[in-house]
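As numbered in mature numbering (1 follows the signal peptide of the UniProt record, and there is no 0), residues -26 to -1, 1 to 582 make up the sequence shown, in order.
Read the hints as simulated data drawn from the structure, not as lab findings.
Because the structure is a prediction, the values reported are computed rather than measured.
Glycine is no exception: its CB is placed at the ideal position from the N, C-alpha and C atoms.
Be aware that a few hints might be false.
[What the hints assert, rightly or not] Computed Cβ-Cβ distance ranges for the label pairs, DEER-style: (1) G271 - P498: 51 to 57 Å; (2) I504 - E47: 53 to 59 Å; (3) N537 - T264: 42 to 48 Å; (4) E85 - R526: 45 to 51 Å; (5) P423 - Y539: 21 to 27 Å; (6) Y534 - Q178: 43 to 49 Å; (7) K414 - T264: 42 to 48 Å; (8) Q100 - P459: 53 to 59 Å; (9) L299 - E514: 23 to 29 Å.
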Amino acid sequence: MSRHTFFVFLLGKSLIVLSFLVAVTTSQPRVTVEQGVIEGTTETFMEDEFTGAGGTKVDVFKGIPFAEPPLGELRFKPPVQKTAWSGVFDATYLRPACLQDPFYAYTLGFEMDEDCLQLNIFAPNQRVAGGAAVMVWIHGGGFTFGSAVQRVYNGLPLAAVGDVIIVTVNYRLGVFGFLSTDDEASPGNIAMLDNVMALKWVQQNIEAFGGDKQRVTIFGESAGAVNVGFLVLSEMAKGLFSQAIIESGGSISQEVGPLTEDGDKVLRERAFQLGETVGCSTSDSAALITCLQDVDGNDLIQAQLAVYDRMYPNVDGTFLTMTPLEAYASGTYNHVPMLIGTNRDEGTLFFAFNPLFVEYLTDKNPPFVNRTLFDALVVYTFKLFDLYDKAVFDAAEMKYIDWSQAEYEAADYFHSMVEFSGDWLFTCNVDKLARLHSTKDKVYRYLMPHVPTVSYYKFQGVQPGWVGAGHAEELPFVFGAAFVPGNPSVNLTNDEKVLSVNFMKLWTNFAKSGNPSKESPNSPPILEYIWPVFSSPGLEYKVLDLNLSSSRALKSDQCYFWNNYVEDLRAMLEDRNGVDSGVSSEWTGGLLAILATLFQCLCLVFSK
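Sequences and hints are given; from them, build the entire structure.
Rendered as structure tokens:
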């Protein structure tokens, strides 16, 4: 899909992403934090028919800096705590997103700036006895795109309905947040340290907004869920939060990248290639960083697009001292309750924004995938992550092909491809993480199978029914987008609006009590919200549909295949060959660039 096509698509959807038009502004509250006085606005949430929260007043503070501007010598360096300001800080308007590809920022209506380490707070005006629970949102976007100011992340409905404080956070993206020379000059994970700094700011100041710093829940989706997963693993984040919600992501994910010495070497090589691209040719890490600190930020973004296949965290020795599997094996992580899950049709992401299938965005019927195309797409997907091996490919075909139909030339493999990519990239990674975390801590797992009547994949007035319950489709339900005037989600059915309220209640109950069934630690469970704890061998999970049912052993057969059989097969192949069984970096480089583009495009759709 061309950039022009995306531009037309986004114009058809909405260009206004910074508007938080959901309430009537009535006053300008002031709060004193460690750095000084902040002035915001008090807004009245209006919807009452479904939420029962009409008339609830929420104090909103936008664009609060939690760190010094990461400019000049602070570029590529850990965040520095914000110093005091004089006078009253105006927190009545949103600040820019962090630097990213200017085309997408322009198309979405973002202002962007390298000075972007700010957060937004939505706090109930009526103080909660003992302090309100706090939920800190970490946005997604493949580590290269997105912002806390995206319209879908408007925290006002969630704060009003759940009686909690919502905090949405910006963190550095792309090379500004993930550049690594694999040494002390720039060890990487700067974006992760931004999130740690934001959480420290919350600990220091949230009581001034009526919050309880002992009840802080971090939550995120996709790359944001990866951020949350790594905060759970990091010693640096110890004591900064008490619960975690992971939506379609986590620390066990192909999106994480190769957390190996080879992966670190690739990051280092890319950093020096970046330097060469912008006139900072050197073999010395410190000299490279010093030179890059003087390069125009927009030039660095353009160089990043040319040099990097994708951005990802690394084992830097500070924020992350071991791999996720090592951390769980040793028990060295933050032991907190976790709510985690996926949507039923995560795999349609592969088709929804693949340029090969763009025409089907305006078609209610899915693309036809014959056997030859299916084989090619499976190989392509493995090679995107440098994980292709003929034996693994053969095993995947055995698993996902319907052999009772395979001899028919007209056999359609679309659903086989959706299942393959959804299981491998999302569902079974979440299954593995849930199993690991549940050995010592409470885990609540969910599946969202509901197909929204109004989807963010809707294009030119046509909703492609084949997308199903796709990647990120839960976000409008979690944030109550149906109750935001001017948002397309207001056209959801009445039953779906009830489902959205249920999502908001379950998420905020978990933040308040550590149990999605209970509004407080000492209250009885709400009958319709009863949510079984996930553990082995029960493997129970909540089905988040119109009926709020429960089930067990979600895709256990497929996930045993990926998390046990395939892992053992890869280990055997590596022992046999003496080397990794992947493919050359030359072959995968172009494919990874395509993958990055697809993730960027997905981010655009869910930025509205």
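query: What are the numbers of the hints that this structure violates, sorted from low to high?
result: Checked against the structure, the only hint that fails is number 8, while the rest are satisfied.
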